[in-house]
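Chemist: Residue-level listing of the chains:
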Amino acid sequence: MWNLIYILDLTGTFVFAISGALSGIEKKYDIFGILFLAFITAIGGGTTRDILLGITPVSWMNNIIYLYVIIAAVVVTFFTKTKIMKWRKTLFLFDSIGLGVFTVAGIKKTLELGLSWEVAIMMGVISATLGGVLRDVFNNDKPLILHKEIYATACFAGALLIMIASYLGIPVVISVPVSIITVILIRIFAVKYEWTLPVIKE
Amino acid sequence: MWNLIYILDLTGTFVFAISGALSGIEKKYDIFGILFLAFITAIGGGTTRDILLGITPVSWMNNIIYLYVIIAAVVVTFFTKTKIMKWRKTLFLFDSIGLGVFTVAGIKKTLELGLSWEVAIMMGVISATLGGVLRDVFNNDKPLILHKEIYATACFAGALLIMIASYLGIPVVISVPVSIITVILIRIFAVKYEWTLPVIKE
Amino acid sequence: MWNLIYILDLTGTFVFAISGALSGIEKKYDIFGILFLAFITAIGGGTTRDILLGITPVSWMNNIIYLYVIIAAVVVTFFTKTKIMKWRKTLFLFDSIGLGVFTVAGIKKTLELGLSWEVAIMMGVISATLGGVLRDVFNNDKPLILHKEIYATACFAGALLIMIASYLGIPVVISVPVSIITVILIRIFAVKYEWTLPVIKE
Chain A
1 MWNLIYILDL TGTFVFAISG ALSGIEKKYD IFGILFLAFI TAIGGGTTRD ILLGITPVSW
61 MNNIIYLYVI IAAVVVTFFT KTKIMKWRKT LFLFDSIGLG VFTVAGIKKT LELGLSWEVA
121 IMMGVISATL GGVLRDVFNN DKPLILHKEI YATACFAGAL LIMIASYLGI PVVISVPVSI
181 ITVILIRIFA VKYEWTLPVI KE
Chain B
1 MWNLIYILDL TGTFVFAISG ALSGIEKKYD IFGILFLAFI TAIGGGTTRD ILLGITPVSW
61 MNNIIYLYVI IAAVVVTFFT KTKIMKWRKT LFLFDSIGLG VFTVAGIKKT LELGLSWEVA
121 IMMGVISATL GGVLRDVFNN DKPLILHKEI YATACFAGAL LIMIASYLGI PVVISVPVSI
181 ITVILIRIFA VKYEWTLPVI KE
Chain C
1 MWNLIYILDL TGTFVFAISG ALSGIEKKYD IFGILFLAFI TAIGGGTTRD ILLGITPVSW
61 MNNIIYLYVI IAAVVVTFFT KTKIMKWRKT LFLFDSIGLG VFTVAGIKKT LELGLSWEVA
121 IMMGVISATL GGVLRDVFNN DKPLILHKEI YATACFAGAL LIMIASYLGI PVVISVPVSI
181 ITVILIRIFA VKYEWTLPVI KE
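Protein chains in written order, with the numbering used here: chain A, 1 to 202; chain B, 1 to 202; chain C, 1 to 202.
Watch out, some of these pointers could steer you wrong.
Just so you know, same-sequence chains aren't split out, so a pair can sit in one copy or run between any two.
Said to hold, decoys possible - Computed cross-link-like contacts, BS3-like style, restricted to lysine-lysine with a CA-CA straight-line distance of at most 25 Å:
{"no.": "1", "residue 1": "K109", "residue 2": "K142"}
{"no.": "2", "residue 1": "K27", "residue 2": "K108"}
{"no.": "3", "residue 1": "K28", "residue 2": "K192"}
{"no.": "4", "residue 1": "K86", "residue 2": "K28"}
{"no.": "5", "residue 1": "K83", "residue 2": "K28"}
{"no.": "6", "residue 1": "K108", "residue 2": "K81"}
{"no.": "7", "residue 1": "K192", "residue 2": "K108"}
{"no.": "8", "residue 1": "K83", "residue 2": "K109"}
In case anyone wonders, no lab produced these hints; they're calculated from the structure.
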C-alpha cells in the first residue's frame, strides 16, 4: 500500500506544481518566478511540516525525484501553456488526491515522532494546505484557502477519521484509503455543490 | 515565579489568538482561515524563535495546552463576535502582558542555549512581535508593527533591561518582573500619548 | 581564499542590508520596521537555507559580527538617507558581489552535508535570492525578483558552473572565483542591456 501512496504522493506533487506554475503565468512572472511558485506550492506544505517537526535536511533533499517531478510539471505547463486548463477536471481530481495523500503522510510522520494526535491532525492539514497558502502569499494575494474553498476542512475531516480509526484499532490498510477517499469526496462535492464554510458577520 | 509567568504566557497566547481571530473576521475569512490566523498570531513568534534556535519539534507540540487555549480563544471570539471589542481595554492590557512575557521567555530560551546577549535580545523581540507581523502578511496587509505602533520598541526596552540586570548580577526574581512591567508600561503610555518612532523622510 | 570570501560575504551582507533599509524608508516604516527589513534582506536567504538544511542555531547566531554589520548598514543609511543612492553604481557592484558570494557559500554548505548537487544548486540560489523575495513579501509587494530582474538566473549560472567544475576536478581555488565573477558579470550585463527572462503569454 505504501508504494501506491508513494506514487500518489508524486502525482499530487506534480499537480500542485502545475497549479503553482499556472498562478505564476497569470501573474506574468518570468521563468524563475514560475519555477519558484511551482516549488513553493508543491513542497511548501511538507517542508513547513518537516521544519516544525525538526526533520532536517527536509525530506525532498534526500529524495531528488521530487525536484525532477516539479521541473517536469513546469516544463509541461510551459509547452501546453494554459491549454492545460482543458484538462481542468483531471487536474482537479489529482489535486484532490494529492490533498488526501499529503494529509495522511503528514499524520504518519508526526505520529512516528511520538507526538500527540492533536498535533498529528494539525500537521496533516498543514502538509496538505500550506503550499497553496504560501503560493498566494508570494503572489501577493489574499490566500484563497483562507476564505473561499472547503479545502482545509476536507483535510481536517480525513485527518480526524484516520485518528479515530487508529483509536478504534482499525488497521491502516483500511483506514488510510478510507481517509484519503473521504478527503477527495468532500473536496469534489464541496466544489460541485459550492459548499463554503460560514463567514462570521461583524 | 515561573508558574506565574507560565499562566501569563497562556493568557498572552489567548489574547494574541483573539487578535488574530478578529483580523480574520474583518477580512471575511471562513472558520478555517480564522483559526489559521489565530494560530499564526498566537504562536508565530515563538515558533519562529524555536526554528531559528533549532528547538524542534517546536515547543507547543510537547505542550498541547497551547492548542486548546487558541481554540478556546477562537470559540469565545465566535460567540461574542466583535462585541468582544467592548473589552478593548482589558484585551489591550493582556496583550501588553503577553508582549512582556513572550519577550522574557524568548530571552530565557536563547541564553539557556549559551548564545550571546545580542542574539537573546533579538530572539526576545522576535518571540513577542513576529506573530503580529505574520498575521498581517497572511492577511495581505502592510505589517502594522513595522510602521505604526511602538510595539517592538517596548519589547526591545524590556529585553535590554533584563540583559543589563543580568550583567549587574541582579537576581531574576527582581529583573524579570521589572522587565515585563517595563514592556507593559511603555506600550500603555505609547498608545495613550500616541508615541511613534520617527520615520525617515526621503 | 576563504578569508577573502569571508570579507566579501560581510560586504554583501552590508549592501543587502542597505537595500532592505532603503525599501523600508520608501514604505515609510519606522526605525524598527527599517531594521527588520534590513535584517530580512541581508540574512533571510542564508537563514532559510540553514533552516532547510537543519543547521541550527542558524549561522549568524554564532558569529555576532553579522548583526553589527547590518546595524552599521542601517545607521549609515539613516545618516545619508537616500543620498546613498548617489553611489548607486558602487552599491550595485557590491550587491552583485554579494549575490555571487552567497551563491557559492550556499553550495559549499550543502555539499559539506553530503547532499546532491541538484540540492546544492538550489540552496545556492536560495541563499542569494530569498532575502530579496522576503523583503518584498514583508513590504507587501509582488516580489521583484520573480518577475523582473535576471537575478536568480545569474546565481543559477554561477551555481551550475561551480558544480560542473567540481565534476571535472577543477580545483576550487579556480572554480570559486570564476563562478563568483560569472554571477557578477551576468548581473551587470543583464541590467546594462536590460535582459529579461521570457514571460509566458496566456
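Chemist: So which hints don't hold here, by number, going up?
Modeler: Hints 1, 2, 6, 7, 8 contradicted; others consistent.
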